Amino acid sequence: MHNFTAVGVREAGSWLETENIKQRKKMKVFKRAVAIAAVLALPLGLSACAPAAPAAEGTISYGLWDSNQLPAYKQCAADFHKANPKITVNIEQVGWDDYWKKVNAGFVSGDGYDVFTSHLAFYPEFVNNGNILALDDYIKRDNVDVANTYQPGLASLWTSPDGKQYGLPKDFDTIALFYNKKLTDAAGVDMSNLDWNPTDGGTYEKAIAHLTVDKNGKRGDEAGFDKAHVKTYGIWMEGTGGGDGQTQWSFLAAANGWKVNDGPWDTNYHYDDPKFQETIKWWHSLSEKGYMPTFAQQNGVGWSDQLAAGKVAMASNGSWMTGSVFGAKSDKFEPALAPTPVGPTGKRASMYNGLADNISASSKNPEAAWQWVKYLGSAACQDVVAAAAVVFPAIPEATDKAVAAMQAKGVDVSAFSVHITDKTTFLFPIADKKSKINDIMNPAMEAVMSGKADVSSLTAANDAVKALFK
Amino acid sequence: MANPVVAKRKRKSDFLTALPFMGPALIGLSVFVLIPGIRGIYLSFTEYNIFRAPKFIGLDNYTRMIADPVFWNALWVTLEYVIINIGIQTVLALFIAVLMQRYTRSTVIRGIILLPYLFSNVIVALVWYWLTDYNLGLINSVLDFFSIDKFTFFSDVTAMPTIALINVWRHVGYTALLIFAGLQAIPKDVYDAAAVDGAGEWRTFRSITLPLLRPVLAFVMVITVTGSFQIFDTIAVTTKGGPIHATETFSILISKTAWGNNEFGYASAISVALMVMLSIIAFAQTKLLSANQSDMDR
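Line by line, the protein sequences give chains L and V.
Be aware that the first sequence starts at 1, since it is given in the working numbering, and climbs by one per residue.
Be aware that the second sequence starts at 1, since it is given in the working numbering, and climbs by one per residue.
No incorrect hints appear here.
Below 35 angstroms or equal to it, Euclidean Cα-Cα: the simulated DSBU-like pairs (lysine-lysine) are:
| no. | chain 1 | residue 1 | chain 2 | residue 2 |
| --- | --- | --- | --- | --- |
| 1 | V | Lys55 | L | Lys164 |
| 2 | V | Lys150 | L | Lys332 |
| 3 | L | Lys347 | L | Lys329 |
| 4 | V | Lys55 | L | Lys102 |
| 5 | V | Lys240 | L | Lys231 |
| 6 | L | Lys433 | V | Lys240 |
| 7 | L | Lys74 | L | Lys102 |
For the record, the hints were derived by calculation from the structure and aren't laboratory data.
As the structure is a computational prediction, the values presented were derived from the model and not from experiment.
Kindly generate the complete structure, drawing on both the sequences and the hints.
Dropping the structure here:
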């Protein structure tokens, strides 16, 4: 019933556009007319009970934070407008920090983006606050095959605990080791198949130690290595990673058999697990040995610039950084990728994070917003994103095209895709109260990584996190 | 009996005449200061996440604040910043101003001294963040070249002093010019008399310059201290409050609590606390200012 009324409103809406009435006073009269039209259209709608989408039109706004992806999405918006001439999409790109402030402010003012790129770290709070629309009715009406269209597992990331779907997966990312092939060749280190354990670090630590060079040219595993005067670090620490360690330590802890909680939305956290704490202890030992900068030393210019400058031989990070790292190639820097090490479980592990687009609950044009979201989640747009070779689209065929496009650019991204083929991914920890968890875990991890507290202090942090849900 | 009536009428007409003149300022004051201020005080007694209507919870935010170590940390961190920033900045600015007064009249030099103040805060912060980087920064590269141990400018101990000094660099020229203007107002014959009496450079400074400069110094302090307490941008683009809360000043904490955690009620309570503190400090300073008319008046 609700839908049919909506049909009437929208048809009347198109009449409005042709009349080109834009003044507010007239708007009021018009709104009344729409209401009447809607009621009159009701029986018509019932008889014309077709599953086809109602005609949507108007201008909608779309927000994203990654400037690297802006050209591809501009192309998608242009193609979309060609296919749906009545809908125009205005794209705005804002850097990460300001982006989320803007999204939140938009919810309050009601003038925010109609559609915006969302992140798993934030969408649970949007769901709780009723800021975003569930897509289930639209999906059912338009027969979108959410379960079978995307890479396995990605759609479930955007499902709330009560089973509602809030987004269609658009892309995914995994973790690998970025390294400088000039340095590994000079050291004679083979990066292709490293293994790791929390006791002696395995061949992973051996490689890191050998790649570390002090200012006298002595390597980290040689006698007389001066850890106070390191010229090139073996590996970079990019912050502590807080409670997720997405790019920093989660691939090690998971390869050690650890899970942050018992699944998406679960509130039973495991920061007290010895498997987690021994991983962090080993990780911190790298900076004590001089193979990795200390927490204070890494505070400053970011990891990718340090890698490109030859100040560090390798760094673990996500697939979304591929474009900018490989773009920094120089005489000193030959970028290359290696898969994360195999852990005590006998497997590699990588956090599996995926983005999707959400529709603001305050959107004045949800139908047009849905048409755009549906287009973003379709092969038509994801193939365009694939061709841009910046991220991995969520539809498997588009993923393959992106891998091929990156290969064609001379970038071997198999270190990222190996996790998909080997099924060694684990999901990004989706949780309610994420920012409060971060408030507890960030300082706790910073204290451990700067040597101010023992890893056992993370047990107290775990208690504090669990107390949030009591 | 007619007199009061006349007076009353006169006052009324005065008010009507004054209104258009005061109007623009009153509108600005109400829209940007009074209404948000009163609303902020109201919100400090509520639980409010901006998506749902505020819920009145009495003094809960304030009891939570008093028990919150992060709040007290913000107080100490902010004080640490203000003391380092204002202390060094004022002494340096005074020194530069006196040098300008005694040795040069060159407008070019005055221009150069003011130059850092003309850059945007954010750009200054970012450039210094690069310069002081442990591995790539110019400063540590120079230290390393002379075989001096490199220095971590952004550890939990050094981060706050580093940021305070960056802002000294930016503001010292401006402060120096304010003081310099004050120095210009001191009559030259006082210095001539001191010279005749055989006073040296230091004695002249201590017994003439400093006492006659007191009102200007007090004015400069009110402006710089109040600004210093509200330090935000430099930290927001560099350490963002870390490591381990070491640079989490009031402004950073308020912004994190409000926009990071959507706890706008609690953030309002912290803002009210900051407002009360700044009012007390400003009041004390104004007292100091009016109690110290220039010694020239005596």
